[in-house]
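As they're listed, the protein sequences go chains A and E. Residue numbers for the first sequence follow this note's numbering, beginning at 386 and rising by one. Residue numbers for the second sequence follow this note's numbering, beginning at 250 and rising by one.
Do not take every clue at face value.
[Stated by the list, open to error] Listed below are the simulated EDC-like cross-link pairs for lysine to aspartate or glutamate, each with C-alpha atoms no more than 20 angstroms apart in a straight line:
hint, chain 1, residue 1, chain 2, residue 2
1, E, 350, A, 396
2, A, 463, A, 485
3, E, 318, E, 269
4, A, 463, A, 441
5, E, 350, A, 403
6, E, 298, E, 337
7, A, 463, A, 396
8, A, 453, A, 441
9, E, 350, A, 429
10, A, 453, A, 399
11, E, 298, A, 485
12, E, 298, E, 315
13, E, 327, E, 257
14, A, 409, A, 447
15, E, 318, A, 485
16, E, 350, A, 485
17, E, 327, E, 265
18, E, 298, E, 313
19, E, 350, A, 441
Calculated directly from the structure, the hints in this document are not laboratory data.
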Amino acid sequence: DAGVIQSPRHEVTEMGQEVTLRCKPISGHDYLFWYRQTMMRGLELLIYFNNNVPIDDSGMPEDRFSAKMPNASFSTLKIQPSEPRDSAVYFCASSLGHPDYSPLHFGNGTRLTVT
Amino acid sequence: AQSVTQLDSQVPVFEEAPVELRCNYSSSVPPYLFWYVQYPNQGLQLLMKYTTGATLVKGINGFEAEFKKSETSFHLTKPSAHMSDAAEYFCAVSGNTGGFKTIFGAGTRLFVKA
Numbered sequence: 386d387a388g389v390i391q392s393p394r395h396e397v398t399e400m401g402q403e404v405t406l407r408c409k410p411i412s413g414h415d416y417l418f419w420y421r422q423t424m425m426r427g428l429e430l431l432i433y434f435n436n437n438v439p440i441d442d443s444g445m446p447e448d449r450f451s452a453k454m455p456n457a458s459f460s461t462l463k464i465q466p467s468e469p470r471d472s473a474v475y476f477c478a479s480s481l482g483h484p485d486y487s488p489l490h491f492g493n494g495t496r497l498t499v500t
Numbered sequence: 250a251q252s253v254t255q256l257d258s259q260v261p262v263f264e265e266a267p268v269e270l271r272c273n274y275s276s277s278v279p280p281y282l283f284w285y286v287q288y289p290n291q292g293l294q295l296l297m298k299y300t301t302g303a304t305l306v307k308g309i310n311g312f313e314a315e316f317k318k319s320e321t322s323f324h325l326t327k328p329s330a331h332m333s334d335a336a337e338y339f340c341a342v343s344g345n346t347g348g349f350k351t352i353f354g355a356g357t358r359l360f361v362k363a
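In isolation and in its complexed conformation, chain E is listed as follows (with noise of 0.2 angstroms):
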C-alpha cells in the first residue's frame, strides 16, 4: 500500500532564508510523486512531478525537490523564501497499481516572516 507523510504540519522561515519541507513516502512499486500548492480559499495547484529520468525536478516559482530512492523522499526545497510563498504545500503519491490511487500528505503550512 502506498502513504505519504510530511513531517511538519508548519514550517516558519523568515522571508529571504531557504525553505525545505520533507516528505517520505512508501511504495510498492516505481512511485509517482507530486508537489501541489494551496493558497487560501483557492483549489491546489501543481508545483511539479516527478515520473521518471532526472532525480532533481525544477518546478514553478523556483521551487525544486529531489527523489532519493535510497531514503524514499522527496523533499521539497526553494533558496529563499519570497512573502508570497506562504501557503499549504501537498506531497502526492501515486503509482500503477491498475486503479487510480494517488495519496495526498497531511499537508505542510509555510509561514514567512518578514
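Chain A with its partners taken away, still in its complex shape (with noise of 0.2 angstroms):
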C-alpha cells in the first residue's frame, strides 16, 4: 500500500499563474477528497468525489478552483489565476467506504506559495 500520493510537494509560482496540484489515491478507495489547510481557517474541505463523480463542490472558494477526477487513479485541483491568498497546504485524501464512518487517508500534501 503506497499511500495517497500527491505532486508537486512544494509548488511557488507568481500570482496571475495557473497552478495544477495532482493526486493519486489509494488502489481501491472510492472516495477522494479535497482539502486546504492554513493557520487563519485550519482544515477546509474544498470538494469531493464518490466513483470519480464529484458530488459536493460547495467547499470550492471561488470559479478560479476546479477538480477533475478522470479515472480512479487520478486526480487534479486547478487554480486559475493564483491568488497570494490561495497560499496554504492542499490536501488529498481517500476512503474506502461511506467517510462518515471510514477513515480518510491523507496523501503528505502540497504547500502552495503565490507570490
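Two chains, two separate frames, one set of hints: put the complex together.
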C-alpha cells in the first residue's frame, strides 16, 4: 500500500499563473477529497468525489478553483489564475466506503506559495 | 449542525507525564468521532475512531479516548508522553446526515518537554 501520493510537494508561483496539483488515491478507494489547510481557517473541505463523480463542491472558494477526476487513480485541483491568498497546504485524501465512518487516508500535501 | 471544539490550541507536557487533549462536539444525530495526528510536513493519520459500541476506544501509539454522551466529549488521553508524541492532534465528527460532512476541530499542538 503506497498510500495517497500527491505532487508536487512544494509549488511556488507568481500571482496570475495557473497551478495544477495532482493526486493518486489508494487503489480501490472509492472516495476522494481535496482539503486546504491554513493557520487562519484550519482544514477546509473543498470538494469530494465518489466513484470519480463530484458530489459536493460547495467548499470550492471561487470559480478560479476547479477539480477533476478522470479515472479512479488520478485527480487534479487547478487554480487559474492564482492569487497570494491561495497560499496554503493542499491535501488529497481517499477512503474506502462512506467517509462518515470510514477513516480518511491523507497524502503528505502540496505546499503552495503564490507570490 | 455539527461542530467540534478543541479547547486548547497548545498543550505542553513533560516527558512521561500524562496527556489529555480535550474535544467537545455537537451533533443532531448519533456522531461518529475520530482523532487524527499530524506530524510536521505530513498529512493527517488516523489515531482512532468511535462509531458504536464500547465507549472507551483504544488507538495507536498508546492513546485512548472515551466517548461521553452526557458530556458530549471525546477527550484523548495517554498515561505517559514520549518525545515522539509531539505533533498536532485533530478531533473530527461526522454523522449520517445524508451527505459527507466530517467536521475537523482547529487542532491541538502537543509539546513534549524533556
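Structure-based check of all given hints:
1. As the CA atoms of residue 350 of chain E and residue 396 of chain A are separated by approximately 29 angstroms, the hinted pair breaks the 20 angstroms bound.
2. Using a Cα cut-off of 20 angstroms, the hinted pair residue 463 of chain A and residue 485 of chain A is violated, with the two alpha carbons roughly 26 angstroms apart.
3. Restraint check: the Cα-Cα separation between residue 318 of chain E and residue 269 of chain E comes to about 18 angstroms, which is no more than 20 angstroms; the hinted pair holds.
4. Among the hinted pairs, residue 463 of chain A with residue 441 of chain A is consistent with the structure: their alpha-carbon atoms are about 16 angstroms apart, no more than 20 angstroms.
5. Our distance criterion of 20 angstroms between C-alpha atoms is broken by residue 350 of chain E and residue 403 of chain A, whose separation comes to about 29 angstroms.
6. Distance restraint check for residue 298 of chain E and residue 337 of chain E: the Cα-Cα separation of roughly 17 angstroms lies within the 20 angstroms cut-off, and the hinted pair is therefore satisfied.
7. With a CA separation close to 13 angstroms, the supplied pair residue 463 of chain A and residue 396 of chain A stays within the 20 angstroms bound.
8. Proximity of residue 453 of chain A to residue 441 of chain A is assessed by CA-CA distance (about 12 angstroms); at most 20 angstroms being required, the pair is judged to hold.
9. The hinted pair formed by residue 350 of chain E and residue 429 of chain A meets the criterion: a straight-line CA distance of about 11 angstroms does not exceed 20 angstroms.
10. Between residue 453 of chain A and residue 399 of chain A, the direct Cα distance comes to roughly 23 angstroms. Violation of the 20 angstroms bound is thereby established for this hinted pair.
11. A hinted pair counts as satisfied when its Cα atoms are at most 20 angstroms apart, and residue 298 of chain E with residue 485 of chain A qualifies at roughly 11 angstroms.
12. Simply put, residue 298 of chain E and residue 315 of chain E have alpha-carbon atoms about 10 angstroms apart, close enough for the 20 angstroms limit, and the pair holds.
13. For the suggested pair residue 327 of chain E and residue 257 of chain E, the alpha carbons sit about 16 angstroms apart, so the restraint of at most 20 angstroms is met.
14. Pair hint residue 409 of chain A plus residue 447 of chain A does not hold up; C-alpha atoms about 24 angstroms apart against a cutoff of 20 angstroms.
15. With a CA separation close to 18 angstroms, the supplied pair residue 318 of chain E and residue 485 of chain A stays within the 20 angstroms bound.
16. In summary, the hint linking residue 350 of chain E to residue 485 of chain A is supported, as the alpha carbons are separated by about 7 angstroms, within the 20 angstroms threshold.
17. Straight-line distance between C-alpha atoms of residue 327 of chain E and residue 265 of chain E comes to about 10 angstroms, which keeps the hinted pair within the 20 angstroms bound.
18. For the hint pairing residue 298 of chain E with residue 313 of chain E, the CA-to-CA distance comes to about 10 angstroms; that is within 20 angstroms, so the pair holds.
19. Restraint check for residue 350 of chain E and residue 441 of chain A: satisfied, since their Cα atoms lie roughly 10 angstroms apart, inside the 20 angstroms limit.
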